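Undergrad: First to last, the protein sequences are chains A and B.
Following my numbering, the numbering of the first sequence begins with 1 at its first residue and continues without gaps.
Following my numbering, the numbering of the second sequence begins with 1 at its first residue and continues without gaps.
No wet-lab data here; the hints were simulated from the structure.
Just so you know, these numbers come straight off a predicted model, no measurement behind them.
Check the hints yourself; a few may be wrong.
No more than 30 Å apart at the CA atoms, straight line, and that leaves these computed lysine-lysine pairs for DSS-like [what the hints assert, rightly or not]:
1. K115/B <-> K311/A
2. K115/B <-> K169/A
3. K122/A <-> K258/B
4. K132/A <-> K122/A
5. K183/A <-> K106/A
6. K169/A <-> K12/B
7. K354/B <-> K169/A
8. K258/B <-> K354/B
9. K132/A <-> K106/A
10. K122/A <-> K27/A
11. K20/B <-> K169/A
12. K106/A <-> K122/A
13. K224/B <-> K169/A
14. K258/B <-> K20/B
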Amino acid sequence: MTNVVLQNITKRFRTVTALKDVSFSIKDGEFFVLLGPTGAGKTTTLRVIAGLTRQDEGSVLFDEEPIDNLTPADRDVAFVFQQYSLYPTMTVFDNLAFPLRSPMRKTPEPEIRTRVEQTAEKLRIEHLLERKTAHLSGGEMQRVTIGRAIVRDPRLFLMDEPLSNLDAKLREALRVELKHLQKTQGSTTLFVTHDQIEALTMGDLIAVLNRGRILQIGTPEDIYDRPATTFVATLVGTPRINMLKANCENSTLYVTGSTIRLPIPICEEGMPPSFLLGLRPEDVQPHSGGEFPGEIALIEPLGVETILHIKSGEQTLLSLIPGLTDLRMGDQVRFNIIRERLHYFRQDGTRISV
Amino acid sequence: MAEIELRQVEKKFGDLHAVKPMDLTINHGEFVVLLGPSGCGKTTTLRMISGLETVTGGTIWLNGRNVTWRHPSERDIAFVFQFYALYPHLTVRQNIAFPLESQGESRETIEQRVKEVVDLLRIGHLLNLRPGSLSGGDQQRVALARALVRRPEAFLMDEPLGSLDAEFRETMRAEIKRLHIEQHATTVYVTHDQIEALAMGDRIVVMSDAVVQQIGTPAEVYHKPANLFVARFIGSPGMNLVTVQYVDGVVSMPGTNKLAVPPDWRGALDEALVGGSGEVIVGFRPEAALASEHGTLVGQVYASDMHGAYTMLHVNLNEYDIVHVRSDRLVSFPIGTPVHFDINPDMVRFFDLKTEMAITRRSASD
Chain A
1 MTNVVLQNIT
11 KRFRTVTALK
21 DVSFSIKDGE
31 FFVLLGPTGA
41 GKTTTLRVIA
51 GLTRQDEGSV
61 LFDEEPIDNL
71 TPADRDVAFV
81 FQQYSLYPTM
91 TVFDNLAFPL
101 RSPMRKTPEP
111 EIRTRVEQTA
121 EKLRIEHLLE
131 RKTAHLSGGE
141 MQRVTIGRAI
151 VRDPRLFLMD
161 EPLSNLDAKL
171 REALRVELKH
181 LQKTQGSTTL
191 FVTHDQIEAL
201 TMGDLIAVLN
211 RGRILQIGTP
221 EDIYDRPATT
231 FVATLVGTPR
241 INMLKANCEN
251 STLYVTGSTI
261 RLPIPICEEG
271 MPPSFLLGLR
281 PEDVQPHSGG
291 EFPGEIALIE
301 PLGVETILHI
311 KSGEQTLLSL
321 IPGLTDLRMG
331 DQVRFNIIRE
341 RLHYFRQDGT
351 RISV
Chain B
1 MAEIELRQVE
11 KKFGDLHAVK
21 PMDLTINHGE
31 FVVLLGPSGC
41 GKTTTLRMIS
51 GLETVTGGTI
61 WLNGRNVTWR
71 HPSERDIAFV
81 FQFYALYPHL
91 TVRQNIAFPL
101 ESQGESRETI
111 EQRVKEVVDL
121 LRIGHLLNLR
131 PGSLSGGDQQ
141 RVALARALVR
151 RPEAFLMDEP
161 LGSLDAEFRE
171 TMRAEIKRLH
181 IEQHATTVYV
191 THDQIEALAM
201 GDRIVVMSDA
211 VVQQIGTPAE
221 VYHKPANLFV
231 ARFIGSPGMN
241 LVTVQYVDGV
251 VSMPGTNKLA
261 VPPDWRGALD
271 EALVGGSGEV
281 IVGFRPEAAL
291 ASEHGTLVGQ
301 VYASDMHGAY
311 TMLHVNLNEY
321 DIVHVRSDRL
331 VSFPIGTPVH
341 FDINPDMVRF
351 FDLKTEMAIT
361 RRSASD
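If we strip away everything but chain A, and leave its shape as in the complex, we get (with noise of 0.2 Å):
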């Protein structure tokens, strides 16, 4: 496998500029997630290290080296698109042998019939081998396009929500498998998805995109415990972070339109006027000897655990706790909130760090 690095790639169409000075790393072997929304330049990023669009400024180097005069196919990359893109009238076994097969790489029969066993017994479809793509599960399909990827040592994986289409079951058990095959493969990817919960549980490293620019590039721990602006809080985290306006006044924060005061020492030490405090959902907890007063407004059970939403003064926290409860609508209850968890931003959305 390989190392990639992207250096300061720009991307216009037309007058929209769909990349702006885009640079990361990925290391040999790491699982690499580019998130962002739709229109965020994602996949065009992707493209780009394939070979299939091309940049108007910037460089991509495979192993410190220049690949930008690479074609597509000299690049050697392996492509998992949303779509399964298989050949219908094929077996399972002639797809997966098919990149094998290609009049480049002229690998004898044996060596196919090898590789493409492992790779189906791998992703734990030897017993569909015989059988045509078109009867497949869509589950089945999605691993054969994974296994046709794999078939082949390529310098990268790149996967474009190869999980997307698949319904919620199917999507959590890929995930997995895919994560298992990557880690124990050792194998470079880069895995594009809009999905948060696909980025922080599979990427060793996430890069968060928006309109075409790069917001943060960390650990899924940095990501989720250090979000660098309020975009990245808001959109890791399920249900979302609480955002609330502040102050500070004599070494106190105050939450605006709430009874929330928190005598916090980053009071002092020159905080903007007003700024934004960001709250996990499960460091607001109720607590019968909670410091702060709220009523409860609205309960989700969700089995695991229940949200809660609490009103303290004009604003609504939610609040995540295990399993179900016993508070009703209504109920007045007391809360404490993890200060060591607390979150801060200016107001043009950039973490303020403590």
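Given the coordinates of chain A, work out where chain B should sit on it, guided by the hints.
TA: For chain B alone, kept in the frame of chain A given last:
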């Protein structure tokens, strides 16, 4: 307010059952969710209630009145589709007022009722815009407002949040629930999303293959699934289901794992299994498995993933018998490390291998 009753309602297309005969009573002011994967018959059921689809058997009752063969317009039920279905050439105000105008309401009434729903949904600032310039969430709010303004007997909603992005879906989910609580209008809501169903429903009707699998509260379908389908479908990931050997109060799980069956389950298993022993399926939710150094069960980490507030461990018991264990986020488990865990005895369930139905205890509170 409305009470809706389905008695042996069925729908066949030729020889194929889209909905097998089902009974369901939806009480005044209740929020009932029809939940299931695509093709399970949930939307067909909703369309039969609305009158957009005829039944091929059974009867439908609205407030004790047989409406089985009544035209949709005579049922006084409002329908909210997944697609916004707003008139693009009309303003938001005109879109919302449209149902009232076509009913010939007076100008004052229209103005009053539009104001009410607009305040409720907080869309006053959008009134003079056209739908094309609104975000997906705002379009859905306007569609809701147009349904609410009629003050119908009941709401039927077919995946109204399906086309929204994740963030809006969360917000709108809470908003629809809040509206329901304020207005208390009988609501039947179709979705394939089990999280939505749990979060919103007073009761959930789980459907699969044209058959009602279970009707129950969110807590019931989550903790006491009636069969394997419900156990798998509800929860993310679904319930861990492992085929095991039961003999003398102990089940042998894959690997060398042995689990002592909680005493209150022994009688039920002795009775359910021919000869008092044999194969059975044990079920437990990922949060029922508690990882700890001294846990009596063991497997190897197949994968582990960070979900923000917690970590999900996928633990291989043997060969390829993987169970999901929800654990503290701070712990890190590389692939292949052994994980020890125990199962909370209060959260253990058992299922019959052949019928796939839950085995029940006679005297248990649950």
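Undergrad: Run every hint past the structure and note whether it holds.
TA: Hints and how they fare:
1. K115/B <-> K311/A: 25 Å, holds
2. K115/B <-> K169/A: Distance of about 43 Å is beyond 30 Å: violated.
3. K122/A <-> K258/B: 29 Å, holds
4. K132/A <-> K122/A: Holds: K132/A and K122/A sit about 19 Å apart, inside 30 Å.
5. K183/A <-> K106/A: 29 Å, holds
6. K169/A <-> K12/B: 28 Å, holds
7. K354/B <-> K169/A: 23 Å, holds
8. K258/B <-> K354/B: Given that 30 Å is the threshold and the Cα spacing comes to 22 Å, the pair holds.
9. K132/A <-> K106/A: Distance ~24 Å between K132/A and K106/A Cα, so the pair holds.
10. K122/A <-> K27/A: Holds - the C-alpha atoms of K27/A and K122/A are around 24 Å apart, at most 30 Å.
11. K20/B <-> K169/A: 25 Å, holds
12. K106/A <-> K122/A: Distance of about 24 Å is within 30 Å: holds.
13. K224/B <-> K169/A: Distance of about 20 Å is within 30 Å: holds.
14. K258/B <-> K20/B: With Cα atoms ~41 Å apart, K258/B and K20/B exceed 30 Å; violated.
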